[in-house]
Amino acid sequence: MLARIGLDEAETARIGVELEKILDHISRLQQVDTSALTETAQVGELVNVMRDDVPEPPRGAAAALRNAPRSDGHHFVVGAIQANELDA
Amino acid sequence: MSSTRSSITELAARLRAGKTTPQQLLAGAMAHQKRVEPQLHAYLTSTTELAEQQAEAAALTLAEHPDSASPLCGIPMALKDVLCVQGVETTASSKVLTGFRPPYTATAVQRLFDAGAVCVGKTNCDEFAMGSSNENSAFGAAGNPWDVERVPGGSSGGSAATVGAGVVPYALGTDTGGSIRQPASLCGVVGFKPTYGRVSRYGLIAFASSLDQIGPLALSVEDCALVFAVIAGHDPRDSTSDPSPVEDPQPALGRGVDGLRLGVPREYFGAGIDAGVRGCVEDALHVLEAQGARLREVSLPSTEVALSTYYIIAPAECSSNLARYDGVRFGLREEQPSLTDMYLRTRAAGFGDEVKRRVMLGTYALSSGYYDAYYRQAQKVRTLIAAEFASVFESVDALVSPTSPTVAFTMGERDDPLSMYMCDVVTLPANLAGLPGISVPCGFIDSLPVGLQVLAPRFQDARVFQVANAYQRATDWHATRSPLADAAA
Amino acid sequence: MTQTAEAASSAVLARYEPVIGLEVHAQLLTRSKMFCGCSADYTAAAPNDNTCPVCLGLPGVLPVINRQAIEYAVRTALALECEIPSFTKFDRKNYFYPDLPKGYQISQYDLPLSLNGRLRFEVEGEPASCGITRVHLEEDTGTLHHAGDVLQSATSSLVDLNRCGVPLMEIVGEPDLRSAAAAHEYLVRLRQLLVYIGVNDGNLEKGSFRCDANISMRPRGASEYGVKVEIKNMNSFRAVRLALEYELERQVAVLDGGGALTQETRGWVEARRQTVSQRSKEYAHDYRYFPEPDLPPLRLDAEFVDRVRATLPELPAARAMRFADAFEGLVDAGVAAKTAANWLMGDVAALANEHKVPLHASGLGVEGLRRLLALVETGTINAPTAKELLGELYVSGGDAEALVRDRGLAQVSDEAQLAEAIDAAIAANPDAAADFRAGLEKALGRMVGHVMKATGNKAQPQLVNRMLRERLAR
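Residue numbers (our numbering), protein chains in the order written: chain A, 441 to 528; chain B, 38 to 526; chain C, -11 to 462.
Derived by calculation from the structure, the hints in this document are not laboratory data. One or more of the hints may lead you astray.
What the hints assert, rightly or not - Straight line, CA to CA, 16 Å or less: simulated EDC-like cross-link-like pairs of lysine to aspartate or glutamate:
#1 A:K461 <-> B:D452
#2 A:K461 <-> B:D434
#3 C:K77 <-> A:E485
#4 C:K216 <-> C:E5
#5 C:K77 <-> A:E479
Said to hold, decoys possible - Over the 12 Å line for every Cβ pair with chain C, so calculated as not near, a few chain B residues:
#6 R51
#7 E89
#8 P103
#9 C121
#10 R292
#11 R331
#12 A427
#13 T512
To be verified - Computed footprint of chain C on chain A, listed as stretches where at least three residues anywhere in the stretch have a Cβ under 8 Å from a Cβ of chain C:
#14 450 to 459
#15 481 to 487
#16 491 to 502
Note that the structure is predicted; figures quoted are calculated from it, not measured. Beta carbons: idealized from backbone N, C-alpha and C, even for Gly.
Same shape as in the complex, but just chain A:
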């Protein structure tokens, strides 16, 4: 559900079995002693990569909406949002 992919029952069953096999294989990772190791989120030594605070002309709504599946010419339009879908 967190992945927001709607699978039907058959798919859920099939992919579930496949994922179980994969998880079973990759679980061997847990046998590695990593108590003395730090984590690597990205390779390389880069730090402090920043840009100057210089505004660039924005591209505009027409460009933003060009690929939109549904728009009112100014906004992207989505269906009604239920109260329990609120994330704010």
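Since the structure of chain A is provided, determine the placement of chains B and C on it from the hints.
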């Protein structure tokens, strides 16, 4: 037409000698593409109009500045469909991106265009670059130019196939766990994955951000080096792109391997590597030894868990990178009364099975309660894998091994995801450590190509070219033409 | 609050102690967004006009950190007496919502930019303080407009991404506050501070300064915390106070009635003067935070922090508060926030340092400064004249209007009076006139200078500028 399966260097010389024109090269490429495409299915989009404009502009450049023009000027090429070109449909072989026309061009692509490249089209690949056979393309798999019943490898299968078939002398691919090197191996071409951070990822549709890297597939090591020299270098729009100067790969090409210490990782020749492949690669090692290289067996003990590490980190990053395909701003949308149902149906309809598996796997690995055991543990093992490479590179200058455990397999043969994942067992450790690597043809088994992989320390991309070119100069495997290249009229 | 409500709440407070912690989200006054070059000032743009591929979350594009946002956040952290760890990084907070284009928000999780600070303020004249857990940076989301009045009856929602990617600073306070009044004072002081150090415009209504509250009740004397409720949707100081007062009474009523409170998120509904349940704990999200692979981490060394510290007016807490009071006084009296901040942090701060006398104890005083700035605002005098007077008034005091009148310092804004000086300036600078006519804009400056000199700096510069242009265009 004789231009098929000619190298960039040859074509550049013929252009300058006035023996051909960019327009003629383009026409030749299109004609050959038309002949082989029904069997090969290497392209998702043809960019004929763009190519014609580029060929015309290139002709002008060559006429005005024949000496200062890039060697790539006027040469036809193709782009894996995960690379954005402004205004050209870019789908990453996914239904979820059908119709998406990016308003920008990837930096690496723009650099090629600025050099005068002529883009004939966008090539087929596994959906979002996830796969090792091209069978995960939502638009049908590409074929292998040596046997169209077999897979070209993946995920940059279309790029490897079209180069192997002699349609274009080079194409760009991307490599997250072997997606340039493995298809290059299976299609009998040269495929180079640069050091992570060397080539800007801006405009590359992300699969796994900390692993993805753009690189060339071409007919020779020199050609890969030519393309690399153009696309490499710092880009302020990619914060992970390295600002240090790029070493010119050209001088390294002629340096040879005399006295060079080459490590042979024991684990890269172990279980799962086809005996025939191992034989071809061992022959290749003798060739290098005969050139003066000193071979030394080394050990990378964590290779065994590299696959597991990769299949946590890559899916974790992809689960987040692919969250933007939600039907709101671009691409496919399955209209539903409620927002949640729209998300669920759009993503179910838009993603293929392998993408779904990886997004779910990655979501799981990051979720509360599993994060430490999976994601955090993988990040730590990643440190270990990088450290083992660093330690080995204290005593050797480069590593040599097979690229792929097997030659090209038959379509549909590997229907189990895990057995497909095994395809990348000797390529993906380099991605985890950010190393540069290449695959260069080193023989055939039953008329199917075998690849030799060369890896080097980070930012020693030139060293990779040095070793690979020394091997290539001593052999002619790379010059062997595939049946589809010979289909040229 | 009515008399009876006040009485009721003081009776309640005799038995229960509220435990309140505030979380403030403040947009930073950078020129561009957090990770792309779009303008951070999105308010005037038509829907979705202020966007680019990066803030739209299109495939293949990448974020780049805005250095100024980092500096502003560090400036804030220093003003809040926080520690600045030498290593910090960005993380992805993953969730699906239409105002979040990438499906994740770039934020900071386990290694925030700063930690362990303190905000000092006063409650009913008594000094008070509240711990600051952390100050971190993230990107703002877009905005949603629901077609139809109420969310529940809306058939569709409209997504505007103009705001998406604006730098947002999250300031998390410790649960150190023990009354709605203390929470109110904390917020007022925090807002003053942010505006005063120039990082935020302090606008609650427009949402550039937003506040959420966590509140729980415990019997007086107890040391453990009660069940925590989070309150959202409070868009004024008054709303914060009313919502907290409502909520503490509601919680006490539940507890007194023998009921149990549930850990939940409640929204303040201004029209009903109530908090309403939005989401209970079972719906708590699993945000799957992990390090943002597209951004290398930050190492903020001592040199960087010192450089940022130098941009902060170095004032002890009490004096900072007096400055903030002065600022508040000026703004309340109608002086533009930016003008007030500029004068207070610039010339007034310099005079305070020079004479070792704070503004409120100087000859000028806050009211004197207000009257002086009013003269500038109305165009009676120009800024250079005001600066001259400021120094004198600061030391000796006096009436600004009277001085202007007596010395004839009023700015000349009568065209007829200036015409002669304009003509003279053109005649005296034939080369500059010719250059300007040939399109060299900066040549105008020399002639403006001539006029200003000739009028003893009293001419209104904008008027001089306009008149010169008109004259030269003929």
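Consistency of the hints with the structure:
| no. | hint | result |
| --- | --- | --- |
| 1 | A:K461 <-> B:D452 | holds (13 Å) |
| 2 | A:K461 <-> B:D434 | violated (38 Å) |
| 3 | C:K77 <-> A:E485 | holds (13 Å) |
| 4 | C:K216 <-> C:E5 | holds (13 Å) |
| 5 | C:K77 <-> A:E479 | holds (13 Å) |
| 6 | R51 | holds (35 Å) |
| 7 | E89 | holds (25 Å) |
| 8 | P103 | holds (35 Å) |
| 9 | C121 | violated (5 Å) |
| 10 | R292 | holds (32 Å) |
| 11 | R331 | holds (37 Å) |
| 12 | A427 | holds (19 Å) |
| 13 | T512 | holds (38 Å) |
| 14 | 450 to 459 | violated (count 0) |
| 15 | 481 to 487 | holds (count 5) |
| 16 | 491 to 502 | holds (count 10) |
Going down the numbered hints, you'll see the structure goes against 2, 9, 14, while the others check out.
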